[in-house]
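Asks: Construct the complete structure from the given sequences, taking the supplied hints into account.
2 protein chains.
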Amino acid sequence: MTPSQRRKDITSHVHATGKVDIEQLSEMFHVSPMTVRRDLVLLEQDGKLIRTHGGAVSPRSLTLETPFISKETKHVTEKRAISKKAVQMIPEGASILLDSGTTTLELARHLVNRKDLTVITNDINLASEMVNSALHVIVTGGDLQNNVGALLGAQTQEFLRSIHVDRFFLGAHAIDLHAGVTSPTLEKSMVKKLMMEAAEETWLLADSSKIHHKAFSKVCALQDLDGFITDDRVSKEEVRLIEQQVKTFFVEGG
Amino acid sequence: MTPSQRRKDITSHVHATGKVDIEQLSEMFHVSPMTVRRDLVLLEQDGKLIRTHGGAVSPRSLTLETPFISKETKHVTEKRAISKKAVQMIPEGASILLDSGTTTLELARHLVNRKDLTVITNDINLASEMVNSALHVIVTGGDLQNNVGALLGAQTQEFLRSIHVDRFFLGAHAIDLHAGVTSPTLEKSMVKKLMMEAAEETWLLADSSKIHHKAFSKVCALQDLDGFITDDRVSKEEVRLIEQQVKTFFVEGG
DNA sequence: TTCTCCTATGTTAATTTCAAACATTTTATT
DNA sequence: AATAAAATGTTTGAAATTAACATAGGAGAA
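Protein sequences, first through last, are from chains P and V. Oh and the first sequence: position 229 is 229 in UniProt numbering, straight run, nothing missing. Oh and the second sequence: position 54 is 54 in UniProt numbering, straight run, nothing missing.
No lab work stands behind these hints, which were simulated from the structure alone. A quick note: this is a predicted structure, and the numbers were derived from the prediction, not measured. For each residue, glycine too, the CB sits at the ideal point set by N, CA and C. Heads up, none of these hints are tricks.
Sample of chain P residues facing chain V (criterion: CB under 8 Å; computed from the structure):
1) H53
2) A127
3) V131
4) N132
5) V137
6) G142
7) L151
8) Q155
Replies: Structure representation (structure tokens):
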């Protein structure tokens, strides 16, 4: 039996049983535990399995048990309706700035059929969505936030200070009718503020579930915005409170 | 902090970084390694993570790796072998610069299990691959090249002039044993040159099919490189010609 | 309050596993 | 046949794991 054949057998055995231990493999293939260990190191590098203490497990066996319902799947119809409305309001030839986030990601998806637009973003997920389009896309650069895709940091800020665009679409995780728009870190709100300064107009995009939440660091008051697009799942009283602060569109969303 | 809250925090931290070690968690939550270990046992039973030797990994981090889908590009096995070799040569704690391209994309995929590395790239596809890792990733910023994913332009160049890294991994489309490394546009070769200047060492990564091709704009001569990793599908005469110009590793790629 | 029980955590020691270095065998190449 | 390269085994010290026991801190009852 060749080493590569043995590794293939180990791989299929791991996938079949979900779990193996080194002692067992050592006996099964009549090789020393050290050799098995070396095989497992190679197979782990290829992503075929995950090494554990004393053995290895199949990555697939556990992924089936933990279905990750990410927040991306929440309020999709609302986000879609909001971003659709936003796209309609972008004139040909405009330069726009897109915040990081799932709502703006939807917006980017709706943008890919447009042309003659310059789109600037600090989110690599948005950039990836637009890479196959005819859009002129500019990425700010900066430190990549793990598991998120946003770019932040001094480099991002420096770039934002050097540009000017027609419109900024702001995403938000927390909106309070009195405290305004807030974000979880100083860093994020700093970048959002700079984006507002770089833009002629700022429009807030957020589904109504974000309302009545407060986070740590203030971005701006609702009065500072030029517009707000959200869905219609808000009470009359809320509508009144919002509309007296900012020009708002309540789109139908689900 | 209650035990259950700590476990939730551990869970989200594992999912955020993809990988944690016990010592690190012990310090982070100010509890003994034994307590962390007990937490990890519970969380593993819930399928929230997979315990490894010395820590735990997120089950999700491995589903994204899926080394089974990338059949679209040519010479996958060669590229994989080349990037594997390259990864082995990166010391812990290093800062590296990754060129845009499919070979460096493979390299990025092999890097996601590493930590304590700073990785700088001008390709959003590479950045996307590394977003769920524990790596410190920095994106250069610049104009997005449609259908490619590379970032180029004045902004990219300005950033590259402001940094210094330990090692640069250069990808290439055309290598000639006399003309050296060339690229199709002035813009691209300019960025590559700046990357070389920003790095202590430059290593060329390219499968052997790239040899004996010339493109428009010169990047560098083979002698300017500190190393070259390619596959072994080259003739003896070629080996001789290459080796007298640059330190080279010919990895097995079939 | 004071006592008791129970959970959570820390500590220690013994066991197991891991990883590095070196030695040996096998395989491939010239 | 000679040599190099790859694969495997062995040894050894370091590291992680586990189990067992000890301690601290609440929650609830008398």
